[in-house]
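Each residue of the sequence shown is one higher than the last, beginning at 1 in the numbering used here.
Treat the hints as calculated values from the structure; they're not laboratory data.
Computed from a predicted model, the values in this text were never measured in an experiment.
Each residue gets a CB set at the ideal place from its N, CA and C atoms; glycine is no exception.
The reader is advised that the hints may include incorrect statements.
Claimed, not checked - Below, a list of computed lysine to any residue pairs in the SDA-like style, where the Cα atoms sit at most 25 Å apart:
(1) K323 / V282
(2) K201 / T144
(3) K45 / I121
Claimed, not checked - Restraint ranges, calculated between C-beta atoms of paired labels, are given here:
(4) K280 / S33: 50 to 56 Å
(5) L330 / K280: 37 to 43 Å
(6) N150 / E83: 47 to 53 Å
(7) R245 / T89: 21 to 27 Å
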Amino acid sequence: MEFLLPFTLTILLIIILIIGITFRITSREVWYSSLMAIVKSREAKIANREILRQALYKRSILEALSTLAYTSIGSYLSKRVTEEVPYHTLESMLWLAYANDLQEIEGVLKGLPRKVYEAFIYRYDIYNIKSIVRSIVFKHHEVTLIPIGNLVKPESIERYKGIKSIGELVRELEARDYRDEAKLIRNYAKQMEVGDIEAIKSFERELMRYWYSRISSVVSEVNDPILIDTVKVLMDMDYILSIIRLIHSKREELKGNIVTLEYIPTLLTLECRRRLIEAKSVEEVLSILQQTPYRGIVEEIVRGDFHRDPLLLDTALKTYFIKYILSTLLGDIFSLRPLVSYLLLKELEVHMLMFIFKVISLNLPREGFERVIHMYPL
Numbered sequence: 001m002e003f004l005l006p007f008t009l010t011i012l013l014i015i016i017l018i019i020g021i022t023f024r025i026t027s028r029e030v031w032y033s034s035l036m037a038i039v040k041s042r043e044a045k046i047a048n049r050e051i052l053r054q055a056l057y058k059r060s061i062l063e064a065l066s067t068l069a070y071t072s073i074g075s076y077l078s079k080r081v082t083e084e085v086p087y088h089t090l091e092s093m094l095w096l097a098y099a100n101d102l103q104e105i106e107g108v109l110k111g112l113p114r115k116v117y118e119a120f121i122y123r124y125d126i127y128n129i130k131s132i133v134r135s136i137v138f139k140h141h142e143v144t145l146i147p148i149g150n151l152v153k154p155e156s157i158e159r160y161k162g163i164k165s166i167g168e169l170v171r172e173l174e175a176r177d178y179r180d181e182a183k184l185i186r187n188y189a190k191q192m193e194v195g196d197i198e199a200i201k202s203f204e205r206e207l208m209r210y211w212y213s214r215i216s217s218v219v220s221e222v223n224d225p226i227l228i229d230t231v232k233v234l235m236d237m238d239y240i241l242s243i244i245r246l247i248h249s250k251r252e253e254l255k256g257n258i259v260t261l262e263y264i265p266t267l268l269t270l271e272c273r274r275r276l277i278e279a280k281s282v283e284e285v286l287s288i289l290q291q292t293p294y295r296g297i298v299e300e301i302v303r304g305d306f307h308r309d310p311l312l313l314d315t316a317l318k319t320y321f322i323k324y325i326l327s328t329l330l331g332d333i334f335s336l337r338p339l340v341s342y343l344l345l346k347e348l349e350v351h352m353l354m355f356i357f358k359v360i361s362l363n364l365p366r367e368g369f370e371r372v373i374h375m376y377p378l
């Protein structure tokens, strides 16, 4: 009997431990299943290739919106757009529609998944801070804000557009617990207030470096190498797009605006990044990228002849890079991969609709631009 008592207690402890582990695993799977259900229900309302193609061939914005009736963005816009509107107004409304879509997902995220989500959308905070600073320094610069992220929300967008001084922006950031960003602005405040362009460039580069460091750090906590690679590809995409836009602008003096990534390992080598920033033509950029992991993307760009038109090339690059990432995120549904896939698909939908609405508003020949829609992943 004396032997059976400790033996029985040991067995009971093992059973309790197994039940605890099973409960924890089950709870985790239930939570991810719930998130997956929400993501898939939202994903089903993203415009597919055929819907986008039909929208492209419409004669007006209103007619194009009629083809989007069964998408979440189309449903949102159709209630608010009842007459032809300028492209820039529609662009702002597309971001509002995206923000509206994210509300349901934001409501269920907590803990580390919430941190990862916020790190991904933090780049919109960065964009908004940069835009507000430029509107303050350059009085004629119209402030364009995106109501996604934790800083600017749909209900507060007009308040942020009304910020008129660096000091007012710093106080607002400190009140919202953006202390690191506020401190960075203080460091450059005096130079920026007198319109020092180099100070503004340095500030923007530091702000972007801060985002890159933050997202890399948070994603590494997930211990999912695929998500870490996703971040690296997004960084490379932004870098390549910035260089190509610089080349198309023919304004060499803007080179200082491009964020250098010397201290962050991405899929592009340091030497490759240095060569890219010195490239003088789109063809040279594509030639350099032929020797990188993005060779397949370059081949698709050249095969489709997208590199000969700035609007086509910009949209094609975003699409191919996001498709490249999506192909790596397949598999584990009990993870954050489905959420990241949804965010990327949704962002691509917004950019594709911007592309279509711009083609319609400029009344460009549709046939030449339909090629971009064929590579859309849905």
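Against the structure, the hints:
1. Under the criterion of a C-alpha separation no larger than 25 Å, the hint pairing K323 with V282 is consistent with the structure, at around 21 Å.
2. Pair hint K201 plus T144 holds up; C-alpha atoms about 18 Å apart against a cutoff of 25 Å.
3. Taken as a hint, the K45 and I121 pair is honoured in the structure, with Cα atoms around 21 Å apart against an allowance of 25 Å.
4. Range check, K280 to S33: about 52 Å between beta-carbon atoms, so the 50 to 56 Å window is met.
5. Our hint of 37 to 43 Å for L330 and K280 holds, since their Cβ atoms are close to 38 Å apart.
6. At about 34 Å, the beta-carbon gap between N150 and E83 misses the expected band of 47 to 53 Å.
7. Between R245 and T89 the beta carbon distance is about 23 Å. The supplied range of 21 to 27 Å therefore holds.
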